[in-house]
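Novice: Listed below, chain by chain, are the residues.
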Amino acid sequence: MTKGTLSRGAAGVCGFLLIAEALGRTGVIDPVVLPLASTVLGETLGLAADPDFLLQLGNTLDACGVGLLFSVAIAVPAGVLLGTFRKVERSARPLVEFLRPIPSVALIPVAQFLFRDPEYAKVSLVIFAASWPLLINTMYGMREVDPLAKETLRSFGFGPLAVIGRVSLPSAAPFIVTGLRIAVSVTLIVAVSVELFVGGTGLGTFMSAAAAGNQRAEMLGAVVWAGLLGLAANGLLAGAERRLFRWHHARTGEPAR
Amino acid sequence: MILSLLGRLGRLWIVPVALAVWELAAREARAVYFPPPSGIALHVYELWFSGPPARLFLTDDAVAHILPSLGRLLLGWSAACLLGVVAGVALGRSARLSQYLSPLIHFARSLPPPVLLPVFLVLVGVGTPLQLAGIVFGVVWPVLINSIDGARYIDRQYLDTAQVFGLSRRERLTRVILPAAAPKIFAGLRLSVALALIMMIISELLGSTEGVGYRLLIAQSQLDILTMWAATLLLGVLGILFNAAFLAVERRVLGWHRAAL
Chain F
0 MTKGTLSRGA
10 AGVCGFLLIA
20 EALGRTGVID
30 PVVLPLASTV
40 LGETLGLAAD
50 PDFLLQLGNT
60 LDACGVGLLF
70 SVAIAVPAGV
80 LLGTFRKVER
90 SARPLVEFLR
100 PIPSVALIPV
110 AQFLFRDPEY
120 AKVSLVIFAA
130 SWPLLINTMY
140 GMREVDPLAK
150 ETLRSFGFGP
160 LAVIGRVSLP
170 SAAPFIVTGL
180 RIAVSVTLIV
190 AVSVELFVGG
200 TGLGTFMSAA
210 AAGNQRAEML
220 GAVVWAGLLG
230 LAANGLLAGA
240 ERRLFRWHHA
250 RTGEPAR
Chain R
0 MILSLLGRLG
10 RLWIVPVALA
20 VWELAAREAR
30 AVYFPPPSGI
40 ALHVYELWFS
50 GPPARLFLTD
60 DAVAHILPSL
70 GRLLLGWSAA
80 CLLGVVAGVA
90 LGRSARLSQY
100 LSPLIHFARS
110 LPPPVLLPVF
120 LVLVGVGTPL
130 QLAGIVFGVV
140 WPVLINSIDG
150 ARYIDRQYLD
160 TAQVFGLSRR
170 ERLTRVILPA
180 AAPKIFAGLR
190 LSVALALIMM
200 IISELLGSTE
210 GVGYRLLIAQ
220 SQLDILTMWA
230 ATLLLGVLGI
240 LFNAAFLAVE
250 RRVLGWHRAA
260 L
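Going down the list, the sequences are from chains F and R.
Under numbering that gives the first Met the number 0, the first residue of the first sequence is numbered 0, with each subsequent residue one higher.
Under numbering that gives the first Met the number 0, the first residue of the second sequence is numbered 0, with each subsequent residue one higher.
The hints are simulated quantities; they were obtained by calculation from the structure and are not laboratory data.
Don't take each hint at face value.
[Unchecked claim] Label pairs and their calculated CB-CB ranges:
| # | chain 1 | residue 1 | chain 2 | residue 2 | range |
| --- | --- | --- | --- | --- | --- |
| 1 | F | T1 | R | D60 | 57 to 63 Å |
| 2 | R | L172 | F | T1 | 23 to 29 Å |
| 3 | F | D51 | R | L8 | 52 to 58 Å |
| 4 | F | N213 | R | D159 | 35 to 41 Å |
| 5 | R | A94 | F | E150 | 45 to 51 Å |
| 6 | R | D154 | F | Y139 | 25 to 31 Å |
| 7 | R | D159 | F | G26 | 50 to 56 Å |
| 8 | R | A94 | F | G198 | 42 to 48 Å |
| 9 | R | L172 | F | G164 | 48 to 54 Å |
Quick reminder that beta carbons are idealized off the backbone N, C-alpha and C, glycines included.
For reference, chain F alone in the conformation it holds in the complex (with noise of 0.2 Å):
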């Protein structure tokens, strides 16, 4: 990133907020239906040391933190399987193929039903919605496997575990870490979609609270912190990926973004 797109991008977003001041100033828009940006802003802040709200915050990302270890623990070694043995992988990819397009969300007034504790059903939810990325992603990369690497090690007498971690998994790994990235995005949308309907604590909870009681900055002001937290877990796993898998952008021909 150059100086001149750091300084542009700097420049769009505060022309968007002195926008939405001035509309909000000027009358054009109710500052009581939509509260000033400068309101928001200092809700924002206010969030950052409430201890309410920190502790709703941290309920979910624990909610995803598990549910995303959970998906991992099941969904990697269930793609290495599926990716290794062609037959297993053609006999079963049917049902996943059926299963995979079926919104997670709709499955939350059953989830509800089975887990009577709102946390539980928010987990198990949480784990069933990011299995897939990973699932396929994982797939995807086991195939992608240079055979002749896979040869060269059996004939030097390795066995089939030591291929699948010498070989298969670091040649996958790209692949993983991209479905990971997406399983992270698919996590926080339905920890605080299960928030929303179901209740118990976290952000999701903490919006319709504010959103009950017609706390309209402060609704924003989370809002603010989840696109902040969205962007940063986004940035993390992107600069991650870029600085372990050079080597796989150098051969893949692919712009190191």
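Position chain R relative to chain F; hints supplied.
Specialist: Leaving out everything else, chain R in the frame of chain F:
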């Protein structure tokens, strides 16, 4: 031809097997919350598809709930796609403008879309505007970002060739830029199909007086387990159908692209 079709069907053997296992397990366990799939399928038929032939077999319940959902889904999705592609191609061709807007776009893209539903609920109230706002805002970002990318990274040679042949601006857009950006644009559209359905469901669960999500909510509050599963099944089938329909369109439209690879 017939053999290959049979072979393809043969590969689907796991689907009936899975259904049979589910059926047997549900009958054996007699769990109240897990009705057998045959019961759910029958209920779907009775509830929604046993109407008069003149109305395409749709029942009153289907007309009251499924049609509004589908209408809003299609309207919201197409509005978001149009907006995303038009704005995306414009931004992609103007590097300066997209530099100004890029942080804002990435911020909006990073928001988990359901977070905004309470905001829209306060601003526009319960009903169709809420669903449309939720779907459009939730869906537009992947389309926009992919369209920007697609329109920005176009092979210089294509543009130079267009210039040599003296193509007008309009021809350049429709004959060079849009086709070259199409694979990327379609990648964004594909992401948006699944997201649109998700946003439709949550927004109907949260604030609606009709729709499949609302029907699901009513069934849940009345402990009507069968209807709950029926609505879940319907939403799942909708997800599968939309995905399949989209892939078919993509294969048609982008056939040349795949052939060239």
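Novice: Quick check: does the Cβ-Cβ distance between R:A94 and F:E150 fall within 45 to 51 Å?
Specialist: holds (46 Å)
Novice: Within 25 to 31 Å: is that where the Cβ-Cβ distance between R:D154 and F:Y139 falls?
Specialist: The hint (25 to 31 Å, Cβ to Cβ) holds, given that R:D154 and F:Y139 are roughly 26 Å apart.
Novice: Given a hint of 48 to 54 Å, does the C-beta separation of R:L172 and F:G164 actually sit inside it?
Specialist: Holds, since R:L172 and F:G164 (Cβ atoms, about 51 Å apart) stay within the stated range.
Novice: 57 to 63 Å was suggested as the range; check whether the CB atoms of F:T1 and R:D60 agree with it.
Specialist: holds (59 Å)
Novice: Is 42 to 48 Å respected by the C-beta to C-beta distance linking R:A94 and F:G198?
Specialist: holds (46 Å)
Novice: Are F:D51 and R:L8 spaced within 52 to 58 Å by their CB atoms?
Specialist: holds (57 Å)
Novice: Starting from the hint 35 to 41 Å, judge whether the C-beta atoms of F:N213 and R:D159 obey it.
Specialist: violated (58 Å)
Novice: Is the distance from the Cβ of R:D159 to the Cβ of F:G26 consistent with 50 to 56 Å?
Specialist: holds (51 Å)
Novice: Between R:L172 and F:T1, does the beta-carbon spacing fit 23 to 29 Å?
Specialist: holds (28 Å)
Of the numbered hints given earlier, the model fails hint 4 alone.
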